[in-house]
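A.B. asks: Those protein sequence lines, which keep their order, are chains A and B.
If you're matching positions, the first sequence starts at 1 in the working numbering and goes up one per residue.
If you're matching positions, the second sequence starts at 256 in the working numbering and goes up one per residue.
Derived from the structure by calculation, the hints contain no laboratory data.
Any given hint could be a false lead.
[What the hints assert, rightly or not] Output of the computed footprint for chain B on chain A, the stretches with three or more beta carbons under 8 Å from beta carbons of chain B:
#, stretch
1, 45-58
2, 97-107
3, 203-212
[Claimed, not checked] Derived CB-CB ranges, DEER-like:
#, chain 1, residue 1, chain 2, residue 2, range
4, B, L668, A, L253, 25 to 35 Å
5, B, L979, A, V16, 38 to 48 Å
6, A, T13, B, R267, 25 to 35 Å
Because the structure is a prediction, the values reported are computed rather than measured.
Virtual Cβ for every residue (Gly too), placed ideally from N, Cα, C.
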Amino acid sequence: MEKVLEVKDLCKTYIVNKRQLNVLKNMSFDIAKGEMVAVMGPSGSGKSTLLYAVSGMDNMTAGSVRFAGKDIGKLNAKELADLRLDEMGFIFQQMYMLKNLTVFDNIVLPAFQSKKNTASKKEKIRYGEDLMKKLGIIEIADNDIEEASGGQLQRACICRSLINSPKMIFADEPTGALNRSASEEVMEQFVQINKNGTTVMLVTHDIRVAAKCSRVMYIVDGTLKGECHLGSCDKADKQRERERTLTSWLTELGW
Amino acid sequence: MYFHILKRDLKRKKTMNCILFLFITLVAMFLSSSVNNMAAVGTALEHYFDKAGVGDYFVVTRMGSSEKAMEDILSQVEAVKAYGREPVFFMNVENIDTDIERTIQLSTSIVLCNFEASYLTFFDKNNKPLTEVNSGEIYLSRSFLERNSLAVGDKFTVIVRDRRKEFTVAGGIKDALLGSDMMGMPRMIVDNAAYDYLTEGAEDGYFGDIYYIETDDKKSLEQEIISRSDINFIFQGDRAMLSLTYVMDMIVAGILLVVSICLILIALVVLRFTITFTLLSEYREIGIMKAIGIRNGKIRGIYLVKYLALAVMGSLLGLLLGIPFGRTLLEKASRTIVMETQGGLFLSFACAAAVVIIILLFCFGCTRRVKKITPADAVRSGQNGERYKKKSFVRLGKTRLKPAEFMALNDILGNGKRYGLMLLTFTICLTLITTILNTINTLEGESLIGAFSMVKSDAYLDNNAEAMEFMVENGREKLIDRMNEMEKTLAADGMPARCTMEMVFKLQLTNGENRCMSLTFQGTGTQTGEYVYLEGTPPQRADEIAVTGQIAEKLDVQIGDKVVVVFPDGERECMITALYQSMNNMGEGVRLHEDAEIDYAYAMGFFSYQIIFTDNPDKGELQRRIDRISALFENRQVQNTKEYLRTMIGEASDYMKEVRGIAVMLVLTICIFVAVLMERSFLAKETGEIAILKAVGFRNSALVRWHTVRIGMVLLVSTVITWLISTWVSQISAGQVFKMMGMSYGVTFVIKPLEVFFLYPLFCISGTLAAVWLTAQHIRKIDASKVSNIE
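Here chain A stands alone, though its shape is the one from the complex:
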């Protein structure tokens, strides 16, 4: 299967008060096209650091990360920015958006900035509207971000991450700030996006969220402790079973 992300011997070290702090230690794994991978682990285990390092948002100390065949360690700042703009999508725990723009403008902004996205202005706008319709937030298109709820904003962030049709989406605790029903809705969208062929890597603490993924990686102290292959999430009624499987696997690992 085609690999979208290849991580080999990834290390990330911080120097805090002249002391070396190894946050990621020789981590190696691959993510194939169409996979939906969750990263779990206790607080401070390096989950978010891993996500930022493999997505080129943060520098790595050692090792290599190949994204869609490109060694991101060898890309300069401009190339990395272009890669994030055209090939990757990002979603964060907080719904970060520009306060002075409407929800819709926040969503389509990356499309207008992209040089690779050769669609016409009208097409970009139509695509943005289609995404908003699909995620059920078209009614807040012209609202300022302060006029939208958390769940709506997170879905708007998903729309933004999809606007340039990226190869892969990176999500850092995307449901962390949402209530249970909003969280459910957002995760449904992730599953749908993944079904449409977009690879997803997300960091979460929530077993219900992780159970919707095809693979779960568990890291402790910057080291990959194990992986749990759950397979594709086709039927809603199997969700409970998947959650149980995952819980027992995590318990074995000391969760």
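Once you have looked at the hints, place chain B on chain A.
C.D. replies: Then chain B, alone, in the frame of chain A:
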């Protein structure tokens, strides 16, 4: 605790605090030095006039015949307490020869004075009274000495008809009556023997007297003096009028005072922005302090202590820097004025204290916002959801702007107050520059020639050597013959032209009880229709006149009224047909019709020959002709309108040019300070937004452009506003100086669009944007991964 918080704040907001500190320092420095300067010059003048013995009223007359009439008045009028008479001898540049190779710069008459017979006290450069003039020595007015780069020890020859006498320059003197830049009539002081030798047998018309009169009733004295038609006045006036002639010594200080006021305004704007920004970014801290029970007053105190510390430190430094700066300003004035003190430290201290108080009061007002913050706001970072303001105004899909420019525009429209303050600052700065430029261009432009009661001409030929020949009976016929000859000479040389000249008289006008003396002009070779008027129609007949607004006011007359003009040969009733304005003698003036009969023997002066070419030569040809005319007429000085005006106005435009340099640099510095300060604040506040944009793939260059374009747009709008208001602001600010000089109806400012609307704003905009661009480079240091640390 306060000290601890202050120390932490000073460290954390280094750039912001540094810029605020510099602003306060500049304000205190300019304010203390300029106020001190104006006060020092203002109070020094009275003291100087007393010390020099100017008296309360002075009269300068020409011709010996005036002497008896003046003696009659001064002995008979009760209002006269005491007086002094000083005989003088009027000369011009033709009467001077020096061993220096340069041409002597002298556009007016020069007064030869006998030291032993002088009444006024003159002072040397060290403010010591002149006590003796040795034989063979000559003292010259300090400004004349400096303008011609004459030094002590230089040889200076005075020639009167066939008599020559060589002197050695012994030094420069300060002359209270004739020494100001605007008065511009230099004086030469020699010993009694030399004066007698040079003036013996000279024509009556070259002699004159200066009377220094002490009186407690200036008004009645003036009425008595101007009622006499047998006195040939050159000018007369009181201390107030004399003080006005020293206005140029205060103009730099005056402009700096305006700059200081602008700076205070800008400092307050910056302060407000900084305080609001600080409070907004410290919602959490303030909310937590409130939550644990700290009172509003205490919390406000933290901020007030910080600004008090900044204001006190900045004002103290400004006060210290203001002392040498103020001295430099006063040096210019002390060239012509005797000043006992170098300005009072008390006044400087009071100005610095005023700066501290204004800033503190303003801070107190700005920190009122603290009261409104609740502990709940701390948790919500200021978003309490109670108030909602629309922030997005432009739609990306409906604009042709690129994302960076679109975001910039939306930010400005969504944060009107914040960018409004920036707009106000830039507009004040740019308007300051355009006002100064408009003033300089007006002073240097050709249009002002009309304000000196002259028609605009192509060339101005110096006539000092021969014009006195026309100030005799039948002088008018002689002058017309002379100008006809000149026209023939010019035509024969391929320069068809019309020659004209303005003769100046001092005549008395009465309207019932109202009476005044006024400079009166009659053009020879011109028609009254060629001059500029404000209202009415030019005089069409010999018994019609035009008067300036000041004269109309003094006589309480309007267009259509009749007044009595006292001509040398008797009184004539003349109708006022037009009003005009003039900068001659602070606005007084009467224009006679060219056919009005008046004996030129009673003229008090004249202007240069004016040459108006009738074949409209181009610029290059005009310059060639000016050079040629000089050769045709005994190498006399020939000037174009600009050069001629320069000699009329004196050093005003030079002063202004000095100020222009300072102002442009100051304005640029202020714009840069403000822009950098605000950009730093934006960077601090928008770290999260920058990080998120980086995370979604915006390049650093696009983000730097977003920030730079944003301030660029504000600068651009400021420039447009400046374009719209610059003329109005020039009128209400610099226009007042012109009003003081006599242009009571205002002056039409000369506006050079390329320079005023393009070059200087471009200089300021590009300088400021470069600074913003450099500051915005900090964006490169913000990591996309910081998105996870946004509060």
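A.B. asks: With reference to the structure, classify each hint as holding or not holding.
C.D. replies: Do the hints match the structure? See the list:
1. 45-58: It holds: at least three residues are needed, and the stretch 45-58 of chain A offers 4 whose Cβ sits within less than 8 Å of chain B.
2. 97-107: Answer holds; 8 residues pass the 8 Å Cβ test.
3. 203-212: violated (count 0)
4. L668/B - L253/A: 25 to 35 Å: For L253/A against L668/B, whose Cβ atoms are near 53 Å apart, the range 25 to 35 Å is violated.
5. L979/B - V16/A: 38 to 48 Å: Check failed, 57 Å falls outside 38 to 48 Å.
6. T13/A - R267/B: 25 to 35 Å: Holds, at about 28 Å.
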